[in-house]
Amino acid sequence: MIFRVIEKPELKALFEIVSAENRVVGPVEVGRDQDNHAIYGFGEVADFNRIALGYAMTSLPAKSYFLPYKEDMATFRLDGKDWQKTVDYNMDAPFVFFGMHACDINALNKLDKVLMGAVYPMPYYAAKRQNAFIIGLGCEPQPYCFCRSMGSDTALHGFDMFITDLGDRYFIEILSDTAFNLLKKIKTTEPVEADHIKYMQAAAEKNKKFTTTVDTTDLTKILDMEFQSDVWKYWGDKCLACGTCANVCPTCYCYSVEETVALNLATAQKTKMLYSCNFIDFAEVSGGHNFRPERHSRLKYRYYHKHRGFVEAFEESLCVGCGRCGESCLAEITVPEVISSVRGGNIQHGK
Amino acid sequence: MGNKLAFTDIADHKHDRKTDLGSFECTYKAEITSIHKLTDLENLYRIQILDPVERDHFDFRPGQFLMLELPGIGEAPFSISSSPSRKGDVELCIRKVGSLTGFLSKVERGTHVGIRGPFGTSFPMEKMHGQNILLIAGGLGIAPLRAPIAHVQENRSRFNNVDIIYGTKDPSQLLFTYQYDMWQADDIRLSIIVDKPDASWTGRVGMITKVLEDMFAARDDDFFQNTYAIICGPPVMFKFVCNMLNKRDVPMQKMFVSLERRMHCGMGKCCRCNIGSTYTCLSGPVFDYWTVMNLKEAI
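Chains as they are written, first to last, in this note's numbering: chain C, 1 to 351; chain V, 1 to 299.
Hints are computed from structural coordinates only; laboratory data are not their basis. Just so you know, even glycine gets a beta-carbon here, dropped at the ideal spot from N, CA and C. Among these hints, one or two may not hold up.
Said to hold, decoys possible - Listed next, with one range per pair, are the computed distances between beta-carbon atoms:
no., chain 1, residue 1, chain 2, residue 2, range
1, C, P293, V, D288, 26 to 34 Å
2, C, Q228, V, K169, 29 to 37 Å
3, C, G80, V, Y180, 58 to 66 Å
4, C, L240, V, D220, 50 to 58 Å
5, C, G80, V, P52, 16 to 24 Å
When you get a sec, could you build the whole thing from the sequences and use the hints?
Written as C-alpha cells, this is what we have:
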C-alpha cells in the first residue's frame, strides 16, 4: 500500500480538483433534531465548506447511490400481441464519493460479494459501483457503533483513497492509480516514521472510544440452537414490521420487481424496488401461503440472513455494526440487545 | 490530463455465458403456440422461443424452472413440465391464482411472452439409473414432476421399479389424466388418491400417506434403500411424506424435494425465495432431504 501525508488545507484543493469536472457526493448536514443535534445525510456537494468532515453518521446509508430505492430495469414497447424490450443498466457518469466511513465502505464490499462476485453479477449495481471514486474518511466512534465487533471498523479495500486525521495533517492510504494520479496535483509528502507513530496512536485512541460490543463467538451455531427461543417472540411482539431497519441498513439489498403499463397502453416498465423482509408479504407465494406470516418469524429471518446465512455463504456477517437500524427503530430494537438476549443475556430494553 | 473520471465499461465480456453482466435481463422472446385446458384452474401452455438460434441453444434439465414475463403485467417463476429431450419448446402447467396467471388464462395462442432461464438445480436422473424411483406429488406438485416422469418414460429400461403416487383434494383437480394410460403402459405403477371423492369416483380416498403406508407394508427394506424419491406438493405434505420415508430408511441423499418460493429475479439477488440465506433459485428448487433438514423453515 502506498501512503502520503498532506497539510490540512490541501484537502480543499483536492476537492476542488475532483469537483471541477465530476459530480461529488459527500456527508452534509441536512437538518437538526429536537435536541438541536445535527442530522447528516449524503448529498451532492459543490462547495467544500458544506462537507461535514466530522459527521457522526448519516441517517440513511450510502447505498442509494449504488442500489437506488427505486430503479427502472427495462422498458417495453407494446404492440398488440408483440412487444420489444429495452434493457438499460442505468450507467451514469462516474462520480466521486467524498468522505465515506469505514463501515459504509465495508457495507459496499459485502454487497460486492453477492451482487458482483456471485453467479449472475448484477449490472445495475456494478455500473454504479465500478464508476464511483471513493474517498474514505476516518470517524469518531458513537455510542451506538459496534463496527469493531463486526470487524468493520477499518476498511482494507473497496475505496480509492482513505483519509485519516493525524491532528495537524491528514494521512492518506492510496489504493488506486486514479487516486495516485489525482494526488500528484496537490502538495503531498512521503510519511516518515513519526507519521506512522501518529497514525497508530490515532487508531489506538479511536479503539478506546468504542462503548458498545456484540459477542459474535459461535453466533451461527447459537442462532441455530436458539431458533425456537422465546426471545424471538419477545422482539417480534415489539416489532412494527415497518421495514425502517432495512431502509436504513447499508447492506440490505432485497428487492421486489413490479411491472406497470403506461396510461396510453403503448409502453410498459419493469421496476425494481428495495423491499424489507419484515413486510408481511415478503415470503408469500401464489395462492396465499405465507412462509413467515408472524412478525417474530420475519424479524428472526432478518437476523438469520445477516448473522448466519451470509456467514455460511461468505464467511463474514452481513452486518457492519453501523447501528443505524437501532437508532431509527421506532420500537427501539437494537442489534446488540437482540443478539445478547439470544445468547442468554438479560433484556434491558429501552433507552 | 484532465480530472474528469473515465468510464469503467461494465459489459467487458461477451454476452454468451450465463454469468456475464450482460445476461442479467437476458429475455428470450417466445410465443405461446398452444393452450391446453387441463381443469377449470389449470392450463398447459406450450411455449416456443422465436429466434431459431436461441431456440437451439436453450437447454434445461428436469426440475429446473424459468421466469415467464408478460410485459407490463409481471414476471413469475414456473417449473418446466415437459421433457428436456423435447427440443424446440417447453410446456408450463399454470394455475390461475394471481394477476399474472389470471392474465395468462385469458390470452390467446400467438401471444408473445418473455422467458429467462433455465434456472436452479435439477433432479439428478443419471444417478438414479438402476434404482427404484418413487415419485410423490400432491396437487399442482405434479407439474415439476412431469419432466422427470418423461425422462423415466424415455429411458425406462435404465430404471428398476417406478411408482407414481399422486393425490389431490378432489377428482376434478387431477391433472394430466390423459397421460395415465401411457404412464402405465410404460410399466409405471400409478396410485391415485383423492381426499374428497365425488359421486362417480371409484378410486382410493384419503391422504397420500395412506398409499405410502400400504407400500411400506408390501415391500421390504432392501427396496427402500435402493429407492430414489422425488417429492413435490404443498408445504404440509413435505413434512409428513419426508418423515415417513426417512423412518423407512430411504437414504436422505436419495430423497429430492422441489420447493416453491416466489422468486422475483431467479438469479440469487432479490432474496424473496431465501430460506435463511440459502437462495431457492440457486441452491434449489430441487434440494436433497439432508439439505432441507439443515435449513430452518424450509418445509
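How the hints compare with the structure:
The beta-carbon spacing between P293 (chain C) and D288 (chain V), approximately 27 Å, falls within the hinted interval of 26 to 34 Å. In this structure the hint that Q228 (chain C) and K169 (chain V) lie 29 to 37 Å apart at CB holds, the actual value being about 31 Å. The hinted window of 58 to 66 Å between G80 (chain C) and Y180 (chain V) is violated, with their beta carbons roughly 39 Å apart. Checked against the given bound of 50 to 58 Å, the beta carbons of L240 (chain C) and D220 (chain V), roughly 57 Å apart, stay inside it.
The given range of 16 to 24 Å is respected by G80 (chain C) and P52 (chain V), whose C-beta atoms sit roughly 23 Å from each other.
Violation of the numbered hints given earlier is confined to hint 3; every other hint is satisfied by the structure.
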